[in-house]
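Colleague: Since the structure of chain A is already known, use the hints to place chain B on it.
There are 2 protein chains.
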Amino acid sequence: MTRNLLLIFLSIFLVGITAQAQEISAMQAPKVVSPEIASDNSVSFRVFSPSANAVTLNGSWMGYGETLPLKKEENGLWTVTIAPLNSSMYHYNFFIDGVSAIDPTNPEALRDGTHYASLLMVPGGAAKVYQLNEVPHGSLSKVWYQSPSLDSYRRMYVYTPPGYDSGKETYPVLYLLHGAGGDEDAWSALGRANDILDNLIAEGKAKPMIIVMTNGNAWQTSTLRNVPGTSAPTRETYAKFHGQFEKSLVKDVVPYIEKNYRVKATKESRALAGLSMGGAHTITASTEYPGTFGYIGVFSSGIFDPNADMAELEKKFTALKASGVTKYWVACGKDDFLMEANKRLLAVLDKTAFEHEYHESEGGHTWANWRDYLVIFAPQLFK
Amino acid sequence: MTRNLLLIFLSIFLVGITAQAQEISAMQAPKVVSPEIASDNSVSFRVFSPSANAVTLNGSWMGYGETLPLKKEENGLWTVTIAPLNSSMYHYNFFIDGVSAIDPTNPEALRDGTHYASLLMVPGGAAKVYQLNEVPHGSLSKVWYQSPSLDSYRRMYVYTPPGYDSGKETYPVLYLLHGAGGDEDAWSALGRANDILDNLIAEGKAKPMIIVMTNGNAWQTSTLRNVPGTSAPTRETYAKFHGQFEKSLVKDVVPYIEKNYRVKATKESRALAGLSMGGAHTITASTEYPGTFGYIGVFSSGIFDPNADMAELEKKFTALKASGVTKYWVACGKDDFLMEANKRLLAVLDKTAFEHEYHESEGGHTWANWRDYLVIFAPQLFK
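The listed protein sequences correspond, in order, to chains A and B.
full-length UniProt numbering puts the first residue of the first sequence at 1, with every later residue one more than the last.
full-length UniProt numbering puts the first residue of the second sequence at 1, with every later residue one more than the last.
Be careful, since some hints might not be right.
For identical chains, the list gives no copy identity; a pair is met inside one copy or between any two copies.
[As the list claims (entries may be wrong)] Simulated crosslink set (DMTMM-like; lysine to aspartate or glutamate; CA at most 25 Å straight-line):
1) K240 - E134
2) K247 - D165
3) K168 - E258
4) K259 - E169
5) K259 - E134
6) K128 - D151
7) K315 - E203
8) K259 - D165
9) K251 - E134
10) K247 - E134
Because the hints were derived from the structure by calculation, they are not lab data.
Just chain A, with the same shape it has in the complex (with noise of 0.2 Å):
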């Protein structure tokens, strides 16, 4: 084609981008530029409507359910700048006449269970060890195995580091599990687990190690059968499926994956992590399964059972001691709700004397920390 050939089929397709190519798209041109971020990481969020009533923002940097105001100018365009932010990864949402939506000019959304909302990545610092840097990247891949255990069909997530499809290396395993209301993207999405991996094994900083991220939730296939209008799991789905998660992931989700990937199939290989309810399946998992895995992280959770049977527990505690732990992990910030759960799985570590790391950070129950954990766990794997 020559020069002016191209011009012609360029204004031809310029076109169809406004126009109509690839349809969405061309339906929400965006009229405005958010979030914009100023060289002091201040940070400004524009919407525009002539018409609403009232716009506001919360934000992952903000308390739980606070919302700031935007205002409106007189062209009909909202906006706020906040003061600057560190350095780090947050997400937000906009709530327009109260209808809470993610920002239409972000191309960045992310998913939390049922629900959205806008990626903000204030960038350098902190927030380098979350971003997509000029490093080697692994891949992520959505695959499908069969459970015997749960009689079910379902999906997970594989990070393989970089290399792994051209190599003939095998690799230790890290399993790391979401909390409730999240699924099998939770930790890649949210909590930016192939990225934070990517980067750390770049600077040499954590071993290459794959990493599955599975559904916890035990009645689900994936979250690719969440349909609107379909209802919370209750306390009785809950009890229906308890310990059946962890079975599944024993018994058909490890043999899955030291039968399909290079894989280094030991203890010594295998670590168990997880937040919240993920940490809690971590505890029943470690506990039920003592030597299947070699590394146990916990974030943000422990015994849930004010009234636990400790003796009980300590004897299962004294029992995955004997199979041999290299590293216990525990984690969890100073404003969780689930703060005195964790001090109870920290008293049966010290009444059992089972060798263990606990780090206690600012803040509570968030992605926010739990990011932060998995960036000081992951480098303590498999050495």
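Modeller: For chain B alone, coordinates are given in the frame of chain A:
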């Protein structure tokens, strides 16, 4: 854990879910069911907002730019019920006082380039081939590769069919290209290419194959490099990179796939298809590199330039024909704004007596058509 202790555990746990487990979900507990599909396939949409002035809706079953108002009930619930839709896959957006939003109670959102819409799957009938059915599922992987041709490290999606991970078989490969405004995510998210192939393979209608979905924007390494406020590509950007993506596809992507996957590396086992801009990429890549692809599909595209040098094009198509193309398949919607471009392609094929098949559908430049085209095209491959 005993039954009794389990109930305490669950009580604490369910409080957690409601209060703050996995942050984002809890912030936006759905108050209504939307969309709701009735038994006759009529669909109700609902948004709760006592204070909005106007709530409207655009869906992919409606005309471009058309909106449908929702009606406010006394309790602040906005609602509209539409006449029965044919079983198929649709997408839609709400406009809350003019602000484009996804349905806050619908867990499935689709991203098209920089913008989002909510999924509406009206199941059964013709939708069956797009749905997640109880059939074996392939894996969908996000894979990074070096592109020396573009001097960049880029991301693509690779679908491997059911059985790939555990087997030793080699497979043919379909390279499937998106349109302008889209990226490497488009053919799986909007095009349902993985679901379509899962379903066609399960029914024995298509051969098991690998599908490679690249990012056709040569100036972009992946959609992840989209940041808020990034300008749309200009005419100069398109001009600067003209032909470069096609080169990288043949020189970088095909060799990467053939090195790292179990594939049949022959022309008869390579297919190339694309929509709109991806159709133009398909025409260029196939004519510039004759002998590479044995199957070619051009969807809603063609020769964009009305003043194209037809003699030159005929020469190229004659050379392509001589290289041995098993199937050349062209499809376009009757109302497509690129119909003239499509006709120019058909004219070149006719003029060169290039054996081809032409499928003219209803409708225009839409994902509904592109999904249908894949459903018709894939079964014709590698037979």
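Colleague: Please go over all the hints and tell whether each is borne out by the structure.
Modeller: Structure-based check of each hint:
1. K240 - E134: between (46 Å within a copy, 23 Å between copies)
2. K247 - D165: Between copies only: 23 Å across chains, 30 Å inside a chain, cut-off 25 Å.
3. K168 - E258: both (15 Å within a copy, 17 Å between copies)
4. K259 - E169: Classified as both; 15 Å inside a copy, 17 Å across copies.
5. K259 - E134: Only across copies: K259 and E134 sit 23 Å apart there, 32 Å inside one copy, limit 25 Å.
6. K128 - D151: between (42 Å within a copy, 23 Å between copies)
7. K315 - E203: neither (40 Å within a copy, 53 Å between copies)
8. K259 - D165: Both. Shortest intra-copy (16 Å) and inter-copy (9 Å) distances satisfy the 25 Å Cα cut-off.
9. K251 - E134: between (38 Å within a copy, 22 Å between copies)
10. K247 - E134: Classified as between: cross-chain Cα gap 23 Å, same-chain 39 Å, threshold 25 Å.
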